[in-house]
Amino acid sequence: MNRFLLPLSIFVVVVGFLGIGLTLNPREIPSPLVGKAVPDFSQPQLYDREKVLSPADLKGKVWLLNFWASWCNGCKTEHPVLMELAKSGEVPIYGMDYKDQQDEAMTWLRRWGNPYPIVGVDEAGRVGINFGVYGVPETYVIDKQGVIRYKQIGPLTPDTVAKKIIPLVKQLESE
Amino acid sequence: MNWVMLIILCVSGPAWAGEARPLTDDPVAEARLKHLAVELRCLVCQNQTLADSSAPLAEDLRREVREMIAKNMSDQEIIEFLVSRYGDFVLYRPPLKATTTLLWVGPFALMAIGATALVITLRRRSRTVVEVSVTDEEHRRVEQLLAEGEKRS
Numbered sequence: 001m002n003r004f005l006l007p008l009s010i011f012v013v014v015v016g017f018l019g020i021g022l023t024l025n026p027r028e029i030p031s032p033l034v035g036k037a038v039p040d041f042s043q044p045q046l047y048d049r050e051k052v053l054s055p056a057d058l059k060g061k062v063w064l065l066n067f068w069a070s071w072c073n074g075c076k077t078e079h080p081v082l083m084e085l086a087k088s089g090e091v092p093i094y095g096m097d098y099k100d101q102q103d104e105a106m107t108w109l110r111r112w113g114n115p116y117p118i119v120g121v122d123e124a125g126r127v128g129i130n131f132g133v134y135g136v137p138e139t140y141v142i143d144k145q146g147v148i149r150y151k152q153i154g155p156l157t158p159d160t161v162a163k164k165i166i167p168l169v170k171q172l173e174s175e
Numbered sequence: 001m002n003w004v005m006l007i008i009l010c011v012s013g014p015a016w017a018g019e020a021r022p023l024t025d026d027p028v029a030e031a032r033l034k035h036l037a038v039e040l041r042c043l044v045c046q047n048q049t050l051a052d053s054s055a056p057l058a059e060d061l062r063r064e065v066r067e068m069i070a071k072n073m074s075d076q077e078i079i080e081f082l083v084s085r086y087g088d089f090v091l092y093r094p095p096l097k098a099t100t101t102l103l104w105v106g107p108f109a110l111m112a113i114g115a116t117a118l119v120i121t122l123r124r125r126s127r128t129v130v131e132v133s134v135t136d137e138e139h140r141r142v143e144q145l146l147a148e149g150e151k152r153s
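Note that the protein sequences, when read in sequence, are chains A and B.
Quick note: the first sequence uses my numbering, first residue 1, plus one each step.
Quick note: the second sequence uses my numbering, first residue 1, plus one each step.
If we strip away everything but chain B, and leave its shape as in the complex, we get (with noise of 0.2 angstroms):
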């Protein structure tokens, strides 16, 4: 079963080799594109960035940015080209404003329940725990007991 397993990843190899395959003939223009990509989403495989997706349309979107990165244009240049197009869901980041407040503030907000409910919770808890003094009588007795364990064992 291993040898099987070890086979495949041996042959599947180059497969991957395939997605890795230089994007321009520029090595600076290459890692720009590089850099902006990942910060990119696919529109068609959704959980993918730019640059892992072999969708067409990644395909063709790559092309823009390169041919935007020919153009001598900034960063955030191609990022609004894209944005005015698809709107911030290809953004891996989305800009805070009011529509993505839910998305920045959430989780924070459901930390902040949880935490106030802890505290809550403990503090309640502490109160239910009521003190019983020890009488003399019953402090002997269990000094008593201790000892007549002791000698037992």
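Chain A on its own, in the form it takes in the complex (with noise of 0.2 angstroms):
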């Protein structure tokens, strides 16, 4: 009995880390962006072209930076839990169209509702680079000075939204 008791001790201890390995998500790699300074862009809007969406512009306020395309499935499953969170108006969200076409993204809008008080367009890509994007949907929470605090990458839920973004929200308006 006792000679197997070593190559069963080893056997739970690698089974223990598989098991751990299992619940981790290899797509969600830790962004060195958080804690740093927005990265700076000025993205034309969508409904304007004109006018362009800047993080200068909100500086002083604490908001959320979504990167979202009508091309992106992961944006249909979130998209109800953004409406849910702009209606509650505990901050708002900013979004960022991600390499989309502009017609599209307006009808995905019109189709299912805008949660945005104001669309920035990323025709290229470019921004989304600067803020480590690499699939949508992405979403940054931005603190009073400007600073990334959190990112949810991946679809947010209503529990990271109950449980993260609004707490944190509450503690960086009362910084």
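Check the hints yourself; a few may be wrong.
Claimed, not checked - Derived DEER-like restraints, expressed as beta-carbon distance ranges:
hint, chain 1, residue 1, chain 2, residue 2, range
1, A, Pro167, B, Ile120, 47 to 55 angstroms
2, A, Pro167, B, Met111, 50 to 58 angstroms
3, B, Leu91, A, Leu24, 52 to 60 angstroms
4, A, Val15, B, Asn47, 22 to 30 angstroms
What the hints assert, rightly or not - Once the Cα atoms are required to be at most 25 angstroms apart in a straight line, the calculated SDA-like pairs of lysine to any residue come out as:
hint, chain 1, residue 1, chain 2, residue 2
5, A, Lys151, B, Ile78
6, A, Lys59, B, Ser74
7, A, Lys51, A, Pro39
8, A, Lys36, B, Ile78
9, A, Lys151, B, Gly87
10, A, Lys99, B, Ser74
11, A, Lys151, B, Phe81
12, A, Lys87, A, Pro158
13, A, Lys36, A, Lys144
14, A, Lys99, B, Leu57
15, B, Lys71, A, Ala124
16, B, Lys97, B, Leu110
17, A, Lys36, B, Thr100
18, A, Lys151, B, Leu57
19, A, Lys36, B, Asp88
20, A, Lys151, B, Thr99
21, A, Lys76, B, Leu57
22, A, Lys36, B, Met68
23, A, Lys99, B, Phe89
24, A, Lys99, B, Ala37
25, B, Lys97, A, Tyr150
26, B, Lys71, A, Asn130
27, A, Lys170, A, Gln145
28, B, Lys97, A, Asn25
29, A, Lys36, B, Leu110
30, A, Lys61, A, Glu84
31, A, Lys87, A, Arg27
32, A, Lys99, B, Thr49
33, A, Lys36, B, Ser84
34, A, Lys61, A, Cys72
35, A, Lys87, A, Trp112
36, A, Lys151, B, Glu59
37, B, Lys71, A, Pro39
38, B, Lys34, A, Gly135
39, A, Lys151, A, Arg27
40, A, Lys76, B, Gln46
Worth flagging that the hints you see were computed from the coordinates, not collected in a lab.
All of these numbers come straight from a predicted model, not from anything done at the bench.
Note that beta-carbon positions come from the ideal geometry of N, C-alpha and C, so glycine has one too.
Each chain sits in its own coordinate frame; assemble them with the hints.
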């Protein structure tokens, strides 16, 4: 019996590590941008190409930046959550239409609703690269000083909004 | 069956050839891009390099790298540009630091543990084999048996 004890304990340890491995998501790459100043950009607005969306205009408030696209499946899943959050008025969600066709983006928003006060257009995906976006949807929480405080990779869920986004926004508002 | 395979191979040849199209007109810049792109990971299809991947993001990142090469930025600067946005994860050879110690030291530590276990087991086993001295009487008996065996064959 004793001679099985060592192999068995090694096996249990290996299974333990593999078990932990299964719960991790390889898609969630920690962003080096959290805690850093929001990358500057100045993008034309979807509904008024003459005007721009720029982080400089949003200094002094807590806001979310949501990268989305009409071609993105995860964005469709996330969309009701954004609508709900926008309706609650807790925090403004600014949109960045990532590598998309303008008319398709507008059709999409007309069909499913528009949770964004302003939507910027990032046709070439350059703003995305500066934000380290590698898949849409991605959402950033930006504080009053214009520092990125949180990055959500993949769709926001009611759970992440309730447990992470809203508490964080409340904390940042009081800072 | 073999014929079918051969036809499939011949037909699919040009499909792979499409991926190797030149990325810039300048051969020096192209060589630099290739050299950099094999060191960088595509973040969408994570087990491909930036050079291999045909994901739209990889294409965009190659475009960025190409532009940085055109701006005469050093390899170091280009890599820093990407790491500051995507983290060490874009590097196929992550730097040795506190968070990556396990990654770099782990395999050697495992090998050391294995080697120690092997040495300990071998030592223990050699101790359990007890030498028993053979008496003169037994020697004689063995020789007698061997001799008998030879006669029989």
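Going down the list of hints, with the structure as the test:
1. Between Pro167/A and Ile120/B the beta carbon distance is about 52 angstroms. The supplied range of 47 to 55 angstroms therefore holds.
2. Checking the proposed 50 to 58 angstroms range against Pro167/A and Met111/B shows it is violated: the Cβ atoms sit about 45 angstroms from each other.
3. For the pair Leu91/B and Leu24/A, the supplied restraint of 52 to 60 angstroms is violated, since their beta-carbon distance comes to about 19 angstroms.
4. Between Val15/A and Asn47/B the beta carbon distance is about 24 angstroms. The supplied range of 22 to 30 angstroms therefore holds.
5. Of the pairs offered as hints, the one joining Lys151/A and Ile78/B holds, with about 24 angstroms between alpha carbons and a cut-off of 25 angstroms not exceeded.
6. With a CA separation close to 34 angstroms, the supplied pair Lys59/A and Ser74/B exceeds the 25 angstroms bound.
7. For the given pair, Lys51/A sits about 19 angstroms from Pro39/A by alpha-carbon distance, which is consistent with the 25 angstroms threshold.
8. Between Lys36/A and Ile78/B, the direct Cα distance comes to roughly 19 angstroms. Compliance with the 25 angstroms bound is thereby established for this hinted pair.
9. A distance of roughly 13 angstroms separates the Cα atoms of Lys151/A and Gly87/B; the hinted pair therefore holds under the 25 angstroms criterion.
10. For the hint pairing Lys99/A with Ser74/B, the CA-to-CA distance comes to about 28 angstroms; that exceeds 25 angstroms, so the pair is violated.
11. Distance restraint check for Lys151/A and Phe81/B: the Cα-Cα separation of roughly 19 angstroms lies within the 25 angstroms cut-off, and the hinted pair is therefore satisfied.
12. Between Lys87/A and Pro158/A the CA atoms are separated by roughly 13 angstroms; this keeps the pair inside 25 angstroms, and the hint holds.
13. Our distance criterion of 25 angstroms between C-alpha atoms is met by Lys36/A and Lys144/A, whose separation comes to about 13 angstroms.
14. Under the criterion of a C-alpha separation no larger than 25 angstroms, the hint pairing Lys99/A with Leu57/B is consistent with the structure, at around 10 angstroms.
15. At roughly 19 angstroms between alpha-carbon atoms, Lys71/B and Ala124/A fall within 25 angstroms of each other, so this suggested pair holds.
16. Between Lys97/B and Leu110/B the alpha-carbon distance is near 19 angstroms, which keeps this suggested pair within the 25 angstroms criterion.
17. Proximity of Lys36/A to Thr100/B is assessed by CA-CA distance (about 22 angstroms); at most 25 angstroms being required, the pair is judged to hold.
18. Between Lys151/A and Leu57/B, the direct Cα distance comes to roughly 19 angstroms. Compliance with the 25 angstroms bound is thereby established for this hinted pair.
19. Only pairs whose Cα atoms come within 25 angstroms are accepted, and Lys36/A paired with Asp88/B is accepted, the gap being roughly 16 angstroms.
20. Proposed proximity of Lys151/A and Thr99/B is supported: the alpha carbons are some 20 angstroms apart, at most 25 angstroms.
21. For the proposed pair Lys76/A and Leu57/B, the alpha carbon gap of about 20 angstroms is at most 25 angstroms, so the pair holds.
22. The straight-line distance between the Cα atoms of Lys36/A and Met68/B is roughly 23 angstroms, inside the 25 angstroms bound, and the hint therefore holds.
23. A hinted pair counts as satisfied when its Cα atoms are at most 25 angstroms apart, and Lys99/A with Phe89/B qualifies at roughly 23 angstroms.
24. Restraint check for Lys99/A and Ala37/B: the C-alpha separation of about 22 angstroms stays at or below 25 angstroms, so the hint holds.
25. Of the pairs offered as hints, the one joining Lys97/B and Tyr150/A holds, with about 23 angstroms between alpha carbons and a cut-off of 25 angstroms not exceeded.
26. For the suggested pair Lys71/B and Asn130/A, the alpha carbons sit about 17 angstroms apart, so the restraint of at most 25 angstroms is met.
27. This hinted pair checks out: Lys170/A and Gln145/A have alpha carbons roughly 15 angstroms apart, not beyond 25 angstroms.
28. With a CA separation close to 22 angstroms, the supplied pair Lys97/B and Asn25/A stays within the 25 angstroms bound.
29. A hinted pair counts as satisfied when its Cα atoms are at most 25 angstroms apart, and Lys36/A with Leu110/B does not qualify at roughly 37 angstroms.
30. Restraint check for Lys61/A and Glu84/A: satisfied, since their Cα atoms lie roughly 20 angstroms apart, inside the 25 angstroms limit.
31. Of the supplied pair hints, the one linking Lys87/A and Arg27/A is violated, its CA atoms being roughly 30 angstroms apart against a limit of 25 angstroms.
32. Annotation: proposed proximity of Lys99/A to Thr49/B holds, straight-line Cα distance about 22 angstroms (limit 25 angstroms).
33. Under the criterion of a C-alpha separation no larger than 25 angstroms, the hint pairing Lys36/A with Ser84/B is consistent with the structure, at around 10 angstroms.
34. For the hint linking Lys61/A to Cys72/A, the alpha-carbon distance of about 28 angstroms lies beyond 25 angstroms, and the restraint is violated.
35. Annotation: proposed proximity of Lys87/A to Trp112/A holds, straight-line Cα distance about 14 angstroms (limit 25 angstroms).
36. For the hint linking Lys151/A to Glu59/B, the alpha-carbon distance of about 24 angstroms falls within 25 angstroms, and the restraint holds.
37. Of the pairs offered as hints, the one joining Lys71/B and Pro39/A holds, with about 20 angstroms between alpha carbons and a cut-off of 25 angstroms not exceeded.
38. At roughly 24 angstroms between alpha-carbon atoms, Lys34/B and Gly135/A fall within 25 angstroms of each other, so this suggested pair holds.
39. Restraint check for Lys151/A and Arg27/A: satisfied, since their Cα atoms lie roughly 13 angstroms apart, inside the 25 angstroms limit.
40. Our distance criterion of 25 angstroms between C-alpha atoms is met by Lys76/A and Gln46/B, whose separation comes to about 24 angstroms.
In summary, the structure is inconsistent with hints 2, 3, 6, 10, 29, 31, 34 from the numbered list given earlier, while agreeing with the others.
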